[in-house]
Amino acid sequence: MNRIDIINLALRRLKQTALKSLNDASLRSEDIQSLYENTLDGLLARRNFSFALKDALLFPLKDENNVRGEHKKDIFGRYIYPLPKDFIRKSFANRPGELFAVWADGIHSSGPKPIKMLYVFKQRDEQKFSAYFINALVAALCFNCSDKLNLSSEDKNAFWQECEAHLEEAGRIDAFNMPVQRMPKSDFELAHEEY
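Numbering of the sequence shown is given in the numbering used here, commencing with residue 1 and proceeding in unit increments.
Watch out, some of these pointers could steer you wrong.
[Said to hold, decoys possible] For lysine-lysine, the following DSS-like pairs were computed, each having C-alpha atoms within a straight-line distance of at most 30 Å: (1) Lys62 x Lys73; (2) Lys85 x Lys54; (3) Lys54 x Lys72; (4) Lys122 x Lys90.
[To be verified] Pair by pair, the computed Cβ-Cβ distance ranges are: (5) Lys20 x His71: 47 to 55 Å; (6) Ala191 x Phe92: 26 to 34 Å; (7) Phe100 x Ser153: 36 to 44 Å; (8) Lys15 x Gly77: 51 to 59 Å; (9) Lys15 x Asp86: 28 to 36 Å; (10) Ser91 x Asn2: 22 to 30 Å; (11) Asp155 x Leu57: 45 to 53 Å; (12) Arg12 x Lys116: 42 to 50 Å; (13) Asp63 x Arg3: 36 to 44 Å; (14) Lys148 x Asp63: 46 to 54 Å; (15) Ser152 x Lys90: 33 to 41 Å; (16) Gln161 x Ile75: 37 to 45 Å.
Derived by calculation from the structure, the hints in this document are not laboratory data.
These numbers come from a predicted model, not from an experiment.
C-beta: ideal position from N, C-alpha, C; glycine also.
Build the full structure now, drawing on both the sequences and the hints.
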């Protein structure tokens, strides 16, 4: 399933005629396409879907104004690490217990060691989406378009409830696709291992 298929599913649910192509210049096409990526990113941000996770190794920014080549810091003395362009949110970082601040200019943290990070990214390959995630996306698009079509609050609420149910099921099923994460062995376990 591709983007136009997903958009047309939403349009049919809203009792609108389907688009023949994404180049359709109609107001209806422009409205739903303008909502598509924000709606998609909003759903991706809600969970760690296996099809929308990437890892990255981040290094702190160099301070260009400093002749000694020191790293750039914020007003709180935290190091600034640049974020990937397709970043939505941090899922995991290699510094457990450390607080990270994500701001427009990057992720702020103590440093200057590199950060190994797993993050949710702006997945645009619709072929990777699961069936339940597509159903959630279609319902979310219907919900977001409902104001322009003057749908009743009951219809709007029904789309939201449907989106939530499909998203929950998509997350439950996708959890089976996630790699098993094991806690590192404790000192006691390591001391009592047989060799």
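Hint check:
no., hint, in the structure
1, Lys62 x Lys73, "9 Å, holds"
2, Lys85 x Lys54, "12 Å, holds"
3, Lys54 x Lys72, "25 Å, holds"
4, Lys122 x Lys90, "12 Å, holds"
5, Lys20 x His71: 47 to 55 Å, "52 Å, holds"
6, Ala191 x Phe92: 26 to 34 Å, "28 Å, holds"
7, Phe100 x Ser153: 36 to 44 Å, "38 Å, holds"
8, Lys15 x Gly77: 51 to 59 Å, "57 Å, holds"
9, Lys15 x Asp86: 28 to 36 Å, "34 Å, holds"
10, Ser91 x Asn2: 22 to 30 Å, "26 Å, holds"
11, Asp155 x Leu57: 45 to 53 Å, "47 Å, holds"
12, Arg12 x Lys116: 42 to 50 Å, "44 Å, holds"
13, Asp63 x Arg3: 36 to 44 Å, "41 Å, holds"
14, Lys148 x Asp63: 46 to 54 Å, "47 Å, holds"
15, Ser152 x Lys90: 33 to 41 Å, "39 Å, holds"
16, Gln161 x Ile75: 37 to 45 Å, "44 Å, holds"
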